[in-house]
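Novice: In order, the protein sequences belong to chains A and B. First residue of the first sequence? That's 1 in our numbering, and the numbers climb one at a time after it. First residue of the second sequence? That's 473 in our numbering, and the numbers climb one at a time after it.
Please note: incorrect hints may appear among the correct ones.
Some residues of chain A that are not near chain B, with every Cβ distance over 10 Å (derived) [said to hold, decoys possible]: (1) Met32; (2) Gly79; (3) Lys199; (4) Trp218; (5) Arg261; (6) Asp314; (7) Ser352; (8) Glu376; (9) Gly391; (10) Glu395; (11) Cys399; (12) Asp400.
Listed next, the stretches of chain B that the computed footprint assigns to chain A, with coverage defined by at least 3 CB atoms under 8 Å from CB atoms of chain A [as the list claims (entries may be wrong)]: (13) 496-509; (14) 602-609; (15) 620-632.
Note that these hints are calculated values from the structure, not bench results. As the structure is a prediction and not an experimental result, all values here were calculated from the model. Glycine included, every Cβ here is placed at the ideal spot set by N, Cα and C.
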Amino acid sequence: MFDLADVQGNILRGYTGKPHVRYLILEVADAMAARRWLAASISGRYHGVPQITTGDWGTAKPETCFNIGLTYEGLRALGTPSSSLAMLPNEFIAGMTASAAKLGDVGHSAPEKWPAPFNEPKRIHLIATIYADKVEQLEQIQQRALDRNALTLLGTREGCTFPGEKERDFVHFGYRDNISQPRFEGVPDSQRHPDRQPKAPLGTVLLGHPTNLEGLTWRVPQPAELGHNGTFNAFRVLKQDVAGFEKYLDQAASFLLQHPRVEELLPPGNEEKIGKGLSRCEALREIVAANLCGRWRDGTPLALSAEIPDPKMDLTDFDYVGVGDSRCPHGAHIRRCNPRGGQIVQRIANNSRRLVRRGVPYGPPYDPAKPFERDEPERGLLGNFIGASLGAQFEAMSCDWLNLGLQDPRITGSNDPISGANDPRTSWFDLPLTSGDPIRLHGLPEFVSTRGGAYTFLPSISAIRYLGSLTT
Amino acid sequence: MANDESWFGKFVNELHEKPWFKCAGAWTLVPIWARLTPVKPLPGGVRPSIQPGDNLQSMMNLIMPLKTENRSPIGRAAAALAIAKNRDQIFAGLDNVGTVHFARFVIVNDNICMFSVYDGDFTNYIRDFIATIGSAFNDVVKLVEGGDAVTPCEENVEAFIQWIHEHDLYQVPDTPTDFLRDQEYLEGDKAVSPVNDDLTLLPRKLVLQLRANKNVSLGSGYRAYPGYSVAQVRKQLQLGW
Ligand code: HEM
């Protein structure tokens, strides 16, 4: 059986109650000292190194949470035996920058343009994450975590959920996020939003357990205590151009206002139902935003309610078959990322590429009252895309589904409207209409660009103990 | 490039056209060059492109040398039977994976070759095939040199994909600069490094590369029309997808 206490807590829990998140991007300064640091991080007894939060909280909720991920270079720097290193998957060994073309990290998003510390990917060894209620706690834990003999701090990234009980689930671009996650047998936290999708086998997110692809197993780096119950994470710093996004909604709404079939999209009189006091143009903006994502900004899935956002609708219990199929655009973000039971080209892949997502916004919320200022501060999402196989899940989704649209001939050759590497000269997106042919939108720019990232291995508690005890 | 036009430069660069040189070169000069400037084999398959449409109808050219004990008419017949036996499975696989246009098996000398045209990412294509018709792959690959280490493929997914990738032919780009860029890419660990575009060195570099990659694909295949996915074609022809 599987032991929650052996798994790092951030894999199976969302820590949704902790609004402040700080990433410490670290380099191993001295292997021996770093190994001592790791050993201390699970005993919590040495020099006050913060204790790694596991999946088993017992009765008391921790005040702050602390988790780590190691890059390939990090595992090497710690002295992991070469026979174990050789068992790691290729994409992890080569690192995120080697997959740039597959991930759409080109143009503005190209790794050569990433700011420090991501401009020196090989120096990034360990990424530690602190989750807390208050900023002061982040400071305290950071102080305790930094043992200069063991680790050199290369840089930090910090995010914070939007203030307010209602707002905390929202992200830049104004959508409600953090709704859909794979549900796992025996993991209570993942049952937050029950739906009709099959439960995900534990091997979706932990090495050494059965995967969704029948009979297929991912290689578990040996010794077993190193690989078993570990997983991989794609950490991404994704900059969001909120002003550009809002401007595009304006542009699309004016285009639609002139369109001969606009009344099908927005029957006159429906504006009020889309949002209180909305003009026709404003209502059309919301319709476009909803279609790009596959959810209205309040989270209502289009598959359940295509005409208006409806808070009474279930947030996750829907599918892309029957009416659900025709209501949600084939190219919408959430449909590209998870086709659920809908028809796709790769018939065996409907449920096999699922990811656990842990993200938090960074940068100040966008203020629509002061739009298009020249010096918009950088804002975006610090995203973690977690799965037992980077190749079969994160990369497969990014490359074939988000960036190529291979899963459905009606979207092939177009990029994801929200996170894709779009070029306004070639991009397009189809808004479905009940009467037949869709209305095609053009000119979508790149709303999201990559500003850094790394592939990390999220070791189990046993693995951290093992790494801490290495002597070479 | 100061001595571009010098008699010696010209002499060296035209050497490969001289009959006497072809003989002497193959046996003595090329191995010496190769010692002086070691060249790593270039990886096979197409490089993912940033243009979504370019990632359709990519070509895979697998050349898999049969095990020594199978290098005989009997061994080649075993390979032929392994394919024939799995015929129905292969069709079922094509249907379920949904991203393969054509696949051909060919025996050339003592190699079993698989040539195919697929859409999207290479590793997804192979992984999806393992998941659907892994046993057909196993039947063929276990006749091949090095195949035992990666079968059954269902339990060696990562190693199997890597192995297939290593047997996929390097696709020599149509333009010399792209070829030079591929070489530079292999040398450095940076995504883009400055390219040495000295084309006078090309013949020499190509010879050395073809020593490291004995079999290659010339170009990435030529199409009479822009790339379309299997499903786009099937949909257009109203065959269902
Ligand atoms: C800044 C960039 C991004 C933004 C603003 C964004 C936004 C959203 C939103 C609003 C949702 C709906 C909320 C939910 O269902 O929980 C969502 C769902 C999702 N996103 Fe993203 N996303 C971004 C990038 C990505 C990337 C890069 C990936 C994958 C490589 C991804 C994968 C997913 C997945 C798997 C879902 C859940 C779909 C489902 O299960 O129905 N997202 N995203």
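Novice: Would you pick out the hints that fail for this structure and give their numbers low to high?
Specialist: Going through the list in order, the structure violates hints 4, 7, 9, 10, 11, 12 and 13 and respects the others.
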